[in-house]
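A.B. asks: Starting from the known structure of chain A, fit chain B onto it as the hints suggest.
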Amino acid sequence: MRPARRDFLRRSGALVVSFALSPAARAQQPGGHDADGLPGSLRVAPFLDSWIRIDAGGAITVCTGKAELGQGIKTALLQVAAEELRVPFERLTIVTADTQATANEGFTAGSTSMQDSGTAIRNAAAQVRELLEAEAARRWNTGVEGVHSDGGFAMGPGGQRAAYGELASGLSLHVQAKPASRFVDPRDYRVVNRPIPRVDIPGKVAGDVAYVHDLRLPGMLHARVVRPPGYGAKLVALDARAVESQPGVVKVVRDGDFVAVVAEREWTAVKAMRALAEMAKWQESTRLPDAASMPRVVLGLKSEDTVIHDKRATVPAGARTFEAAYTRPYQIHGSIGPACAVAHLEEGKLTVWSHTQGVYPDRQAIAELLGMPPAKVRVIHAEGAGCYGHNAADDAAGDAALIASHVPGRPIRVQWMREQEHAWEPFGPAMVAKVRAAMDASGRIVDWDYGVWSNTHSMRPGPAGNLLAGQHAAKAFKPAPPRPLPQPAGGGDRNAIPLYAFPSAHVVHHFIPEMPLRISALRALGAYLNVFAIESFMDELAIAAGADPVEFRLRHLEDARGRDVIQLAASRFGWKPGVRAEGGRGRGFAFARYKNLAAYCAIACEVDVDAESGRARLVRAVAAVDSGQVVNPDGLRNQIEGAILQSASWTLYEAVSFDAARVRSIDWATYPILRFGAVPETVEVHIVDRPGMPFLGSGEAGQGPTGAAIANAVADAVGRRVRDIPLKAARLRSTRG
Amino acid sequence: MKLDVNGQVHDIASEPDTPLLYVLRDELHLNGAKYGCGLGQCGACTVLADGEAIFSCVTPVSALGGRRITTLEGLGTAARPGAVQRAFIEEQAAQCGFCIPGMIVRAEALLRAHPDPTEAQIRTALQPHLCRCGTHMRILKAVRRAAKA
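Those protein sequences? They're chains A and B, same order as listed. Here the first sequence is numbered in my numbering, starting from 1 and rising by one per residue. Here the second sequence is numbered in my numbering, starting from 1 and rising by one per residue.
So here's chain A without its partners, still in its complex pose (with noise of 0.2 Å):
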């Protein structure tokens, strides 16, 4: 045994016991306790040793009920403690999601972990600081004003030293946060607004157990489950008997259309996974639309219509009027590692091993679908690949949870199949925007309105139907009814409401509560299309009325901290009005400040639009960001140059494909993403420091406008527009001339 596994396994394991027996364990939900006016995830979670633990040898535990899904979690929440608690930063170590040991915060999506925990953890280092330089100054009676720490001691105005662990030993941090605290002055930072190296990239690069995928257990059994040929497929026969008897299968699980095989090595159970599909008899569903005319699908849907805004005036006369309208495909999160899970019942007892999103509601879904009660269930966080928002990491939770149930005592580790991911996971919905507004003599915008056409953007757990094996099995739930999400963030509608300040605008969101695919959240959600639809219209719009792009956003916009990564991303970039890209080249320019409440983030890019192929390749790419207090820059960085490579592949080349049955992206070949031959010459990222300032999640921020900013600029290159996500090489061309 590796000394990394031994650490990972005793670290999930030891923590049970202390949280468990913790009071804090029950102080998770807000009811008995009055968490009004607490700031961040404290609402949830008010009692400081949810977040901060320090035991008598001085060591210290952040814990956070938020997960590690490559963004830099873990690195950015230790430095918000270490700067509060001051002390060193290696000296700290952290828990993320695991529903025995952490606060419950829900999901770790939307940008919002350094909202949510890192406020929560920031307020908690802060006050538990408080309350040991308070025990100081108890015991050298003397004031507290007189009390400072540094470096993991507390020191008082006679040369006096305390160290951490020695006060808290005489402490409790069983105590309930107050609603404001004592933070270190941000001119005093030394950890935060630094760019310290990620914790865990170490041990990522030389191949110790960092993944659920790694995870060996003693006696694990290996599964993989043979999912039906397309959505609603029902098992008409199954003769296993062949594949049963096969040497190394301990069991075929059949669980009304939920079909799995339990082997004893990891080969035997894919090849014994193929045999059983091979025998499998289907009766197939045909009901999925043409995927050619998506759009027009979209718009034929029955939809639920809410006005999101309403500020309607006058429109002068003698106004222009244009329109335009906007589409996204259904594409996927693609995650490079397909799902993974262990689950090990044992005594009555389920732990699961997840890269899901949500423990908490993860472990909702599981012991619904198991008919156990949660209590019995433990879902602990383990990293996956990279998910970009609610892939099928939940699913094969599921699937590992009902395949454990079938063989109890053993742990059983499930890991999907390349096809499996590409077919089966939840996608990003396909979308339309369409958009009207009326502009003056002088340029201005006097009018404009807006609807976006969409499914919700969150298929989550809790609901054990919202489970692929729970709609599978003999016992079937059905998926929760589909929901629109609340503004101000919103689902379909997330940014559809313009930034901008125009005199008179209109805004409605066509909910759409039918699913043809099967849809979840995906990085962005609506944020993607409609940032693509307002922006590359403001482009539009700029053409008409002859004004350069930046200089038309900046005359429609009073926001100042917008104006300022509008300008910040135009200087770097060399942006000049009139000044054509070289080469044959384009240029485009797009801003939005994510859910009109989060991070602000704008782009200039260069694009080259092959003549001969119609073939587009982001070459440049300039952006500006503001997060507010950044606490690490670097990984802030590395956040906005990972959205806008991915960006740029979704806007470039991604489209699900399927016929009638059956989704026909299948793999890599079949749904072609960005590869190296194509990835831009340079990619800059600018940060608009703003020290102090609360924090503003920023992992989706850079989603939207990069779409609309390679489009703009492909559409500068080749004069004309394209507004169908994927830009792909087919249309370009059939657009030039």
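Note that these hints are calculated values from the structure, not bench results. Check each hint, because a few of them may be wrong.
With a straight-line Cα cutoff of 25 Å, these simulated SDA-like cross-link-like pairs (lysine to any residue) come out [unchecked claim]:
1. B/Lys141 - A/Arg572
2. B/Lys141 - A/Arg620
3. B/Lys141 - A/Pro202
Quick list of the computed label-pair ranges, beta carbon to beta carbon [as the list claims (entries may be wrong)]:
4. B/Arg68 - A/Val175: 53 to 63 Å
5. A/Arg664 - B/Glu119: 50 to 60 Å
6. B/Arg144 - A/Phe183: 35 to 45 Å
7. A/Glu145 - B/Glu119: 56 to 66 Å
8. B/Pro60 - A/Arg664: 21 to 31 Å
9. B/Val58 - A/Arg483: 35 to 45 Å
10. A/Val297 - B/Glu119: 37 to 47 Å
11. A/Arg241 - B/Glu119: 37 to 47 Å
12. A/Val144 - B/Gln8: 19 to 29 Å
13. A/Gly574 - B/Pro60: 49 to 59 Å
14. A/Leu299 - B/Pro60: 33 to 43 Å
All C-beta atoms, glycine included, are put in the ideal place defined by N, C-alpha and C.
C.D. replies: This is chain B only, laid out in the frame that chain A set:
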């Protein structure tokens, strides 16, 4: 059969048709090579066979007798990283990190053959590898840095 992995000879119990990837992960407990597609389309499973980069997910172990296999683990450890691993740490060239081991092994093969590669050679070498987090710019920087080390 016997298999030389990272300079150590192992007796392999897996069936001969087992792809090398499953032997490395499940029998030898080496985590570096990852299952990404099983089709040779993403590069996450890349290892070296006699210094040549191969997809371990589509190569049966029986085809590798007598060849020396080097995995990510053969290049260094977290405490004592090899030159390419160190360059990836210094550039913070990872988000989720799942695709990175394959990239590091590919870069190792490239730099052994071309110690001072051109930008085009680096991009061409990495063409078989997919990254979904969008860490490409840092991966390229890390390979350039490793070449200069």
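A.B. asks: Now tell me, hint by hint, if it's right for this structure.
C.D. replies: Against the structure, the hints come out as follows:
1. B/Lys141 - A/Arg572: Roughly 21 Å between the alpha carbons, so the hint for B/Lys141 and A/Arg572 holds.
2. B/Lys141 - A/Arg620: holds (16 Å)
3. B/Lys141 - A/Pro202: holds (17 Å)
4. B/Arg68 - A/Val175: 53 to 63 Å: holds (60 Å)
5. A/Arg664 - B/Glu119: 50 to 60 Å: Roughly 36 Å apart at Cβ, these two residues miss the hinted range, so it is violated.
6. B/Arg144 - A/Phe183: 35 to 45 Å: Because 40 Å falls inside the window, the suggested range holds.
7. A/Glu145 - B/Glu119: 56 to 66 Å: holds (59 Å)
8. B/Pro60 - A/Arg664: 21 to 31 Å: holds (29 Å)
9. B/Val58 - A/Arg483: 35 to 45 Å: holds (43 Å)
10. A/Val297 - B/Glu119: 37 to 47 Å: Distance hint for A/Val297, B/Glu119 holds at roughly 44 Å.
11. A/Arg241 - B/Glu119: 37 to 47 Å: violated (58 Å)
12. A/Val144 - B/Gln8: 19 to 29 Å: The hint (19 to 29 Å, Cβ to Cβ) is violated, given that A/Val144 and B/Gln8 are roughly 60 Å apart.
13. A/Gly574 - B/Pro60: 49 to 59 Å: Because 54 Å falls inside the window, the suggested range holds.
14. A/Leu299 - B/Pro60: 33 to 43 Å: Between A/Leu299 and B/Pro60, where Cβ atoms are some 51 Å apart, the hint is violated.
Checked against the numbered hints given earlier, the structure breaks hints 5, 11, 12, 14 and satisfies all the rest.
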